[in-house]
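Given chain A, work out where chains B, C and D should sit, using these hints.
Protein chains in written order, with the working numbering: chain A, 11 to 250; chain B, 163 to 429; chain C, 14 to 209; chain D, 18 to 609.
Think of the hints as simulated: they come from the structure by calculation, not from any bench.
Heads up, some of the hints might be wrong.
Under the rule of at most 30 Å between Cα atoms (straight-line distance), these lysine-lysine pairs were calculated in the BS3-like manner [what the hints assert, rightly or not]:
{"hint": "1", "chain 1": "A", "residue 1": "Lys56", "chain 2": "A", "residue 2": "Lys45"}
{"hint": "2", "chain 1": "B", "residue 1": "Lys423", "chain 2": "A", "residue 2": "Lys54"}
{"hint": "3", "chain 1": "B", "residue 1": "Lys423", "chain 2": "A", "residue 2": "Lys56"}
{"hint": "4", "chain 1": "A", "residue 1": "Lys167", "chain 2": "D", "residue 2": "Lys86"}
{"hint": "5", "chain 1": "B", "residue 1": "Lys425", "chain 2": "A", "residue 2": "Lys56"}
{"hint": "6", "chain 1": "B", "residue 1": "Lys165", "chain 2": "D", "residue 2": "Lys86"}
{"hint": "7", "chain 1": "A", "residue 1": "Lys246", "chain 2": "A", "residue 2": "Lys148"}
{"hint": "8", "chain 1": "A", "residue 1": "Lys114", "chain 2": "A", "residue 2": "Lys45"}
{"hint": "9", "chain 1": "A", "residue 1": "Lys214", "chain 2": "A", "residue 2": "Lys45"}
{"hint": "10", "chain 1": "A", "residue 1": "Lys56", "chain 2": "A", "residue 2": "Lys246"}
{"hint": "11", "chain 1": "D", "residue 1": "Lys50", "chain 2": "D", "residue 2": "Lys474"}
{"hint": "12", "chain 1": "D", "residue 1": "Lys86", "chain 2": "A", "residue 2": "Lys114"}
{"hint": "13", "chain 1": "A", "residue 1": "Lys148", "chain 2": "A", "residue 2": "Lys56"}
{"hint": "14", "chain 1": "A", "residue 1": "Lys45", "chain 2": "A", "residue 2": "Lys246"}
{"hint": "15", "chain 1": "B", "residue 1": "Lys239", "chain 2": "D", "residue 2": "Lys474"}
{"hint": "16", "chain 1": "A", "residue 1": "Lys114", "chain 2": "A", "residue 2": "Lys54"}
{"hint": "17", "chain 1": "A", "residue 1": "Lys54", "chain 2": "A", "residue 2": "Lys246"}
{"hint": "18", "chain 1": "A", "residue 1": "Lys114", "chain 2": "D", "residue 2": "Lys512"}
{"hint": "19", "chain 1": "A", "residue 1": "Lys214", "chain 2": "A", "residue 2": "Lys239"}
{"hint": "20", "chain 1": "B", "residue 1": "Lys425", "chain 2": "A", "residue 2": "Lys114"}
{"hint": "21", "chain 1": "D", "residue 1": "Lys227", "chain 2": "D", "residue 2": "Lys50"}
{"hint": "22", "chain 1": "A", "residue 1": "Lys54", "chain 2": "B", "residue 2": "Lys425"}
These are the residues of each chain, in order.
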Amino acid sequence: MRVRDLMLVGGVGLGGTAMMIGRAATPPGATISGKVTFTGTPPKMKPIDMAKEPFCARLHAAAPVLTENVTTGPGDALRWVLVYVSAGDQGSAPATETVRLDQKGCQYIPHVLVVQPNQPLDIYNDDSTSHNIHPLAKVNAEWNKSQPIGAPPIHAKWESPEFIPVKCNVHPWMHGWHLVLTTSHYAVTGEDGAFRLQGLPPGKYTITAWQEQFGTQSQDVTVTGSETKSVSFVFKATPY
Amino acid sequence: MGKLFAVVVTIITVVSTAIFIAHTWWLPPDISAHGHAIDRQLSETMISSGVLFVLSQLALALFAWRFGDREDGRRVKPFPGGATPMVVFAAVLVGAEILTLTLVGAKVWAGVFQTPPDPNSLQIDVQAEQFAFYFRYPGPDGRFGATHPELINEASENFFGLDPARDTSARDDIVVPTLTIPLNRPIALTLRAKDVNHAFYVPELRIQQDFVPGLTIPLHFTATQTGRYEIVCTQLCGLGHYNMRAYIEVLPQAQFDQWLKDKAAQQ
Amino acid sequence: MTTVASPPAQPPGPPTPAAPPVVEQPRPRPAQTGVWIAIAAISMTFAALTSAMVVRGSAAADWRHFRLPPILYLNTALLLASSAVLEAGRRRVAAHLVWVTLGLGLVFVVGQVVAWRQLVAQGLFLATSPSSAFFYVFTALHGLHVLGGLGGLGYVLRRFDAAGPAPVPALGAAALYWHFMDVLWLCVLVLLVLRV
Amino acid sequence: MTHATVAGAHRHAPPQGFLRKHVFSLDHKVIGKQYLDLALVAVCTGMILSWLMRFHLAWPETPIPGLAKLSPNGAAGGVITPEYYLSLMTMHGTIMVFFVLTTAPFAGFGNYFLPIQVGAEDMAFPRINMMSFWVTLVAFLVLISAFVVGDGPPLSGWTAYAPLSAVGKDAGPGQGVGQTLWAVSITLFCVAQLLGALNFVTTTLDLRTKGMSLARMPYSTWAWFITSVIGLIAFAVLMPACILLILDRVAGTSFFIPAGLVISDRLQPHAGGSPLLWQHLFWFFGHPEVYIAILPGFGIISHILPVFARKPLLGPRVMIACLVAIAFLSYTVWGHHMFLSGMNPFSATLFSVPTLVITIPATIVTLLWIGTIYGARLRFTTPALFCLGFVSVFVSGGISGFFLAQPSIDTYLHGTYFVVGHFHFVMGVAAMFGIFAATYFWAPKMFGRMMNETLGKWHFWLTFIGVYCVFMPMHYLGLAGNVRRYSAFTDDYLKPLIPLHRFITVAALFTGAAQLIFLFNLIRSRFRGPQAPDNPWEATSLEWSTTSPPPFDNFGGRPPVVERGPNEYGIGSGARGVDYGMQAAAARVSAR
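Chain A with its partners taken away, still in its complex shape (with noise of 0.2 Å):
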């Protein structure tokens, strides 16, 4: 049971980026593709100091973990950036595979999780010591609440769109997002800064790319048939 899980959250914490750009094997439609980048100087990454949960600080002796607030990679790439359609979408059936959210390590994984609303989400404490999870929803219902060591899943889920940010109380560097979108249409761009979104219908879309710390842009783009066109978001970054 406990091997498995842990097998499960290895598979998740590796393979998560692909899954949700690929989300199904090249279904019909028109394909937007491309990238996201910065110019200028981004604020530096900074290594977290886990001294105060000895557990975590252990696990991360060699390497010590990066702020994810903004997060770089090579070619000027940026992270964990979300690129959806935010209008021109026609609707799709509503989401019902569970999402799984992982506290490990002391940090969340993923950082940024996208769920449709009412779509099941399972958070799962794989660490040695008790987490919190506090969604500071606005639109949705905030809730606050613990996970020690040996309690089971949290089940939850989301009502309404809504960007929330989650943070742990009782680890203050922890931080992550619960991005409630009703399209499912959208990536979240991997340490590339490439994302991908597949099977349009042939319409007029706009395409939103979102960072938590430089905001938003969008960008309208008209698809037909299968095509795949590309496009391409660059956010301005200031070193503070």
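Structure of chains B, C and D alone, referenced to chain A:
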């Protein structure tokens, strides 16, 4: 029944006292310059109140043993001398003890909390928050940047609400979750709370002080032994109270200087 | 309060044969005593609030001074008048004067509400500043106690209507309480004038 | 005052019908029993909460069977979350301090026996008396409702330090609706106790029967009287403090919340308030509250001990002087809870002196009890055993006060289990022993039947040994620096102490289980067991001059005339037979 009571009270008294005397559970070794005075005060109180404790419990036990009703029509005996001599005796005895404890204790207390810090102290800014401590050193420029609560952003590790964009003195401030201090050098902390009440407690340092939101509270001490100790919060601050801790790392002066240099380079 | 009439406790032993003569004492009046005790407790409550106000005001950068609504002085006059009427009513044991007091007391409470509305019109709400907060707390708490006093007067009037002798002790107790409401209000007013 | 039958206002006809007789009764005896029943429900609740806490401390990761169903929010899968632990702790403290330690010895027994002991027919204001009980009940229900409303019960402790208690739900689960309910409940409780104290003081001053001078009042009456004077001042301060707290929470004021607080990543919209103001107001109430809990115990012990020692209390006037001195001093020491709070360190010394001075009357009181036993003819009944146990645990708890009263030592011991051990001994266990002694002593009078002595003695021995096993080790934990109010001991230096915690937990579970004997005995003796005679213990005070239980107006329309003080034991030749003189001649009244 009276004899049983006497035996039970005696056993309880003897066992309780023996554990105190044997120091089975006792204070951790003192690593502070001022702690020996507190320890002495504690020991003196322990001895004088221990004597009172044992005497009263044993008197209670003895009287319960001796003065049970044997239904023999014996007359009750009044307490020798009545209440007055005993009351006067007790008042004088306890009064003298109080007087001694107050005079000595007030001096100990004043030595810790009512003296100004040494002017050569190392200044460190401490912020307590739900549920962690963060420590700030002024950096190479020797100045602390101003704090702005509205700029506090834990996601980017800006725990103090510094404004490096506009405030250059804030750029080199060193912020760490472990209180690293040099050996035998007076340390002057300024305690500030970000959200609710907290407390700073290091048993080995024999020091404890609350953080109060809205107040800046000074606290100073000198550590006399190297090592790694725990700082814990003793003022109920919310759900993570039990897990609110930090470590204090006492280093020899040279190692401390090196540590500070390394940290400054990382900023 | 009354004094001890009986002999002091005796030492153990047979009771003294000749008990000293029992002196006739005035009948105890629990209602009066109760009101005195209530006065002590209420004074303590307002003292606590006053000290809270002093502490809170001593270091506050957010303390906003404002002018008290002038109607307060009219209300003060009304309350003092009502007390005078009640005192006359108590001495003559006259129910109609108690009715007048009841009316004046009601007008006082309404007047206090008008004072609140005037403050609200100036944009001074409960949470605007500690000064306005204390103003509302003091006046509301005093108003509640006045309403309690009105209840007491109502009880006295009901006793007047019932058969039997006039409720002199109850009237005396109610009057004592009512006068205390005056004194309390004057203290509160002085405090507000000085601090707010 | 001397004329007992004071006047028409209090003389009311016996009530008819079940509701008027047993529920909405104006009879002080019924109200006293209602208070005691409320305290019984409260103490069971509070003890179950402490069991859950103790279990969690010893085995933090072990699920508690059934708890997941009872509280799916606080203990998913049966494992208590840290916030739920703090909620349990907050509710345990609040319930025990307010609804047990204030309600039972003061409001409960006081209501029942104060009027009888002074020879009155009822309280001075029966209607206010009834209201006082019902407001207390509502306060209790409001508090308990926090378990089922909103995010659960509050978690800021029974002291509810601001700003944690004042900022609302950002401060954690239970700090929303739950904390507001707490503040409302305590406000109501203050109102109820003020009304109750008003009655107690007036009754004592005005309704004493013929011959009942102040000097002839039993010590329990004195203690209730002094306690109600303390209560009048203390609750009159806590009530406005709670009102200000409620306003901070619901109306956006800033009495206790300073500017610039960032809680749960949100800058709080408050400015300028003073958290220390709450602490001062709270402890100005809070320290006297300790004496509200324990002084009735002093009175009860001083009242009962001579009965079973068959000897007058040593130094009766000194005893009363000490009670008055303690009551007075209790208002000068509140700052000793705040030595390390950030107030001016100089004032710590000022508060430390009266705190230490209080030990003088407390020591004298203890010595008077011990001196009373000297040369006595002790009858070891259950109430007598609880009196002796009271003296023992009071000594144990009082001694540790010497340490905490000194700021220099408090620097180390503040906020540790040493404090927990201290106040549980001195105000928890000692006050409970007072309640037990009172229950065994007065149950025959209240219910007309004797309680079972064998069960009572088992109850005493298990409890007496049990509380020492629970609370004495807490002093050792405190010396080792074990911090209180922690839901788990994850710190390195605390881990070696966990075995001692397990010992305490096992002892607490056993001691708690021993209380079932008491509960069984108490309930059984309402229906079974030998009928109680009027004066089964051969005691002197007025309650023993009337029937068991007393009639509606206490003395069957013939108020007693008091001829002696309450202290007339061990008189006469010493031969078998009557060795005591009753305060008033026993007048057999017709039981209704």
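Keeping to a limit of 30 Å between CA atoms, is the pair of Lys54 (chain A) and Lys425 (chain B) held or broken? holds, 15 Å
Given hint Lys56 (chain A) paired with Lys425 (chain B) - CA-CA distance at most 30 Å: Between Lys425 (chain B) and Lys56 (chain A) the Cα gap is close to 12 Å, so the pair holds against 30 Å.
Does Lys246 (chain A) lie within 30 Å of Lys56 (chain A) when you go C-alpha to C-alpha? holds, 20 Å
Does Lys50 (chain D) sit within 30 Å of Lys227 (chain D), going by the straight-line distance between their CA atoms? Distance of about 27 Å is within 30 Å: holds.
Proposed proximity, Lys474 (chain D) with Lys239 (chain B) (alpha carbon, max 30 Å): holds, 27 Å
Check whether the Cα positions of Lys167 (chain A) and Lys86 (chain D) lie no farther apart than 30 Å. holds, 21 Å
Taking 30 Å as the top limit, are the C-alpha atoms of Lys246 (chain A) and Lys148 (chain A) close enough? The given pair, whose Cα atoms are some 28 Å apart, holds under the 30 Å limit.
Can you confirm whether the C-alpha distance between Lys50 (chain D) and Lys474 (chain D) stays at or below 30 Å? Status holds; Cα separation ~24 Å.
Agreement of Lys54 (chain A) and Lys246 (chain A) with the hint, judged by alpha carbon distance not exceeding 30 Å: holds, 15 Å
Given the proposed pairing of Lys45 (chain A) with Lys246 (chain A), does the C-alpha separation stay at or below 30 Å? Answer holds: Lys45 (chain A) to Lys246 (chain A) is near 14 Å, not above 30 Å.
Next pair to validate is Lys114 (chain A) with Lys45 (chain A); report whether the Cα-Cα distance is within 30 Å. holds, 28 Å
Restraint check for Lys56 (chain A) with Lys45 (chain A), where alpha carbons must lie at most 30 Å apart: holds, 24 Å
Checked against the numbered hints given earlier, this structure breaks only hint 6.
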